[in-house]
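Q: So the sequences go chain by chain: A and B.
Okay, so the first sequence: first residue is 0 according to numbering that gives the first Met the number 0, each after it adds one.
Okay, so the second sequence: first residue is 0 according to numbering that gives the first Met the number 0, each after it adds one.
It should be emphasised that the hints constitute simulated quantities derived from the structure, not laboratory data.
Treat the hints loosely; a few may be bogus.
Stated by the list, open to error - Quick list of the computed label-pair ranges, beta carbon to beta carbon:
1) Pro392/B to Gly191/A: 33 to 39 Å
2) Val60/B to Lys277/A: 30 to 36 Å
3) Ile176/B to Asn138/A: 40 to 46 Å
4) Arg156/A to His5/B: 54 to 60 Å
Just so it is clear, CB atoms sit at the ideal spot from N, CA and C, and this is done for glycine as well.
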Amino acid sequence: MKTILKAAAVLGLGLTISGAALAQEEHAAEATPHYPLVKPVEQSWSFAGPFGTYDKAQLQRGLKVYREACSACHSMNLVAFRSLEDLGYSEAQVKALAAEYQVQDGPNADGDMYERPGLPSDHFPSPFPNHEAAAAANNGAAPPDFSLIAKARAVERGFPQFIFDIFTQYAEGGPDYVYNLLTGYEEKAPEGITVQDGTYYNPHFISGPALAMPPPLSDGQVTYDDGSPETVAQYAHDVAAFQMWAAEPHLEARKKTGFVVMIFLLVFAGLVYLTKRKVWANEAH
Amino acid sequence: MSSMQHSTYTPKSGLGRWIDARLPLPRLVYDSFVAYPVPRNLNYAYTFGGILSIMLVVQIVTGIVLAMHYSANTAIAFDSVEKIMRDVNSGWLLRYMHSNGASFFFIAVYVHIFRGLYYGSYKAPRELLWILGCIIYLLMMATGFMGYVLPWGQMSFWGATVITGFFTAIPLVGDWIQQLLLGGFAVDNPTLNRFFSLHYLLPFMIAGVVVLHVWALHVTGQTNPTGIEVKTKGDTVPFSPHASAKDGFAMVVFLLVFAYFIFYMPNFLGHPDNYTEANPLKTPAHIVPEWYYLPFYAILRAITFNIGPINSKLGGVLAMFGAIAVLFVVPWLDTSKVRSAVYRPWYRLFFWLLVADAIFLGWLGSRPAEGAYVAMAQIGTLYYFAFFIVLMPLLGLIETPKRLPNSITEAVLEKHRRKAGDAAQPAAAPGHEA
Numbered sequence: 000m001k002t003i004l005k006a007a008a009v010l011g012l013g014l015t016i017s018g019a020a021l022a023q024e025e026h027a028a029e030a031t032p033h034y035p036l037v038k039p040v041e042q043s044w045s046f047a048g049p050f051g052t053y054d055k056a057q058l059q060r061g062l063k064v065y066r067e068a069c070s071a072c073h074s075m076n077l078v079a080f081r082s083l084e085d086l087g088y089s090e091a092q093v094k095a096l097a098a099e100y101q102v103q104d105g106p107n108a109d110g111d112m113y114e115r116p117g118l119p120s121d122h123f124p125s126p127f128p129n130h131e132a133a134a135a136a137n138n139g140a141a142p143p144d145f146s147l148i149a150k151a152r153a154v155e156r157g158f159p160q161f162i163f164d165i166f167t168q169y170a171e172g173g174p175d176y177v178y179n180l181l182t183g184y185e186e187k188a189p190e191g192i193t194v195q196d197g198t199y200y201n202p203h204f205i206s207g208p209a210l211a212m213p214p215p216l217s218d219g220q221v222t223y224d225d226g227s228p229e230t231v232a233q234y235a236h237d238v239a240a241f242q243m244w245a246a247e248p249h250l251e252a253r254k255k256t257g258f259v260v261m262i263f264l265l266v267f268a269g270l271v272y273l274t275k276r277k278v279w280a281n282e283a284h
Numbered sequence: 000m001s002s003m004q005h006s007t008y009t010p011k012s013g014l015g016r017w018i019d020a021r022l023p024l025p026r027l028v029y030d031s032f033v034a035y036p037v038p039r040n041l042n043y044a045y046t047f048g049g050i051l052s053i054m055l056v057v058q059i060v061t062g063i064v065l066a067m068h069y070s071a072n073t074a075i076a077f078d079s080v081e082k083i084m085r086d087v088n089s090g091w092l093l094r095y096m097h098s099n100g101a102s103f104f105f106i107a108v109y110v111h112i113f114r115g116l117y118y119g120s121y122k123a124p125r126e127l128l129w130i131l132g133c134i135i136y137l138l139m140m141a142t143g144f145m146g147y148v149l150p151w152g153q154m155s156f157w158g159a160t161v162i163t164g165f166f167t168a169i170p171l172v173g174d175w176i177q178q179l180l181l182g183g184f185a186v187d188n189p190t191l192n193r194f195f196s197l198h199y200l201l202p203f204m205i206a207g208v209v210v211l212h213v214w215a216l217h218v219t220g221q222t223n224p225t226g227i228e229v230k231t232k233g234d235t236v237p238f239s240p241h242a243s244a245k246d247g248f249a250m251v252v253f254l255l256v257f258a259y260f261i262f263y264m265p266n267f268l269g270h271p272d273n274y275t276e277a278n279p280l281k282t283p284a285h286i287v288p289e290w291y292y293l294p295f296y297a298i299l300r301a302i303t304f305n306i307g308p309i310n311s312k313l314g315g316v317l318a319m320f321g322a323i324a325v326l327f328v329v330p331w332l333d334t335s336k337v338r339s340a341v342y343r344p345w346y347r348l349f350f351w352l353l354v355a356d357a358i359f360l361g362w363l364g365s366r367p368a369e370g371a372y373v374a375m376a377q378i379g380t381l382y383y384f385a386f387f388i389v390l391m392p393l394l395g396l397i398e399t400p401k402r403l404p405n406s407i408t409e410a411v412l413e414k415h416r417r418k419a420g421d422a423a424q425p426a427a428a429p430g431h432e433a
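Same shape as in the complex, but just chain A (with noise of 0.2 Å):
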């Protein structure tokens, strides 16, 4: 009887998973294509893992090219220079850093607002008075804020890889996603895809065939002291850890205080579990 019942409830379940595999295909077939046309290709990234740390030479890098090739359209609000001393650099060299961008202050005790070179405290200035004036500047879409966009961008991963990736601590969606999106523009759009005027055909990109943004970066545009190739995919790996670092500035710290916590719970856990059977040692249950 029970050998019955476990094949039932087996085959039960099987049917269930098959009729759900089944589905996607189907469905896959009919409706509107899934973007990003293609998915993302993983890269190797330093602050992946356990013990993954923030390469501060390709964030050094990251914000040359942020700097140079990005930052006419996107901002990054809610980045303060002070905290680019993660990056490595001096409280000089920040201050100096800061101290080249115009920043508005006020109103002074005449009432009037005016213009001041940045103080470390002060953030990175938008390159745009307001969300109207950059989406005007920009075909009427607002070119999207920087601070946040490693965590708020990342292609699903579907089953049953979203469960791999808990055991793997995959958490580079972000990253993958900026990487694969600055490297994938394709000059002809394949046939079957209309793209609209004004557009740029990337099969990366998470919401559309093409986009509005032309193809940001071009090979040898920034220039590295270090040595490092002057490539667009150098540059989009670097630019895509720097902005993993502006929206998860405390992963090291994060990552660090979790292994700690990780060996007291399992030495405490092991403790607990002898206390346990002592206490259980002479009592059937």
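Guided by the hints, dock chain B onto chain A, whose structure is given.
A: Here is chain B on its own, set in the frame of chain A:
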């Protein structure tokens, strides 16, 4: 068995006797958490009540500190959460504990509820205990939903818009209820303010109902995997150190998994869109609630047809609320004289199918409501209701249960004999009461 048994607390110091004569709080604690007899055969499925109380404390403590830094104003709510993440000392830890804590609270409550369904914990005389648990679950859902709105991200805003929109399906008073919930005609600053206020209030209401839940538990005593009531003192062990050591071990293991998510996968259970500030002019491609509501979301969207005067929208809302409401009457739907699924082979089979069905519906809730997904959600919904409304009453009448042991102790010793026999060892020494 009952906790109405004679109290064995004897204060040892003069001060203890003085307090005991005036406010016997130490006696209450001693009788409830030290001497309180629990069945000796409780397995780890029974540790989730303790785990849930820990999670409630974690959520309240982290939540109170987060509230010190959070601003419930649509203009600055999103940035205030980011300030916590960036500039508040250990703010990232508090916030990740709180957001993942909600998920782990629900993981624990789902195990707890399914354990109750498996072992028939809701059956007489524990109906009120079960209903109080259902009330806690409802309050948890309301709290979790309102908490998710507070960071004021895209999913916060659109989730709130969709879920409060359900209420407009109610005839006559629907629009009025929705406007009362929102404090206006759309999700906006008044909504955020009242949700914050209620999100702070409800956990304390949960704590209040938890007190009643534990009180009811201590009156009737716990069930156990055999479903047979405690008959003699030998069937039980004192709560401390036995149950407290076992619960303690389970709690630490649970916290280990919880910590893994906080420190290594803090955003795994969230939605990326919630890291984009709410924008009432831009609807996300797919609006999905938090994972723990997904089965109900699938049930809501499974009703795509009108039933007589009930249109599909109202039908979906009724089905969704009905899916929770049906839990309240489970004690009277189950007609079986045998409590535990251990002795009910057919019930056990359908129980595990219900678990699979709930996971299946959860997955469907995350899919767009189109094509074959709708049909599958309808099948899943049908089974969900059929389990409670048809199978539960029917099985109790037609199923032949297996032979029940005479007592908990007999079941325990039987298990030990079998184990010892399997290992081809001399019979293990039974417990000292045997």
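Q: It remains to establish, for every hint, whether it holds in the given structure.
A: Taking the hints in turn, this is what the structure says about them:
The beta-carbon spacing between proline 392/B and glycine 191/A, approximately 55 Å, falls outside the hinted interval of 33 to 39 Å. As the Cβ distance of valine 60/B to lysine 277/A is approximately 31 Å, the hint placing it in 30 to 36 Å holds. In this structure, isoleucine 176/B and asparagine 138/A meet the distance hint of 40 to 46 Å, their C-beta atoms being roughly 42 Å apart. Distance hint for arginine 156/A and histidine 5/B: a CB-CB separation of about 59 Å, consistent with the stated range 54 to 60 Å.
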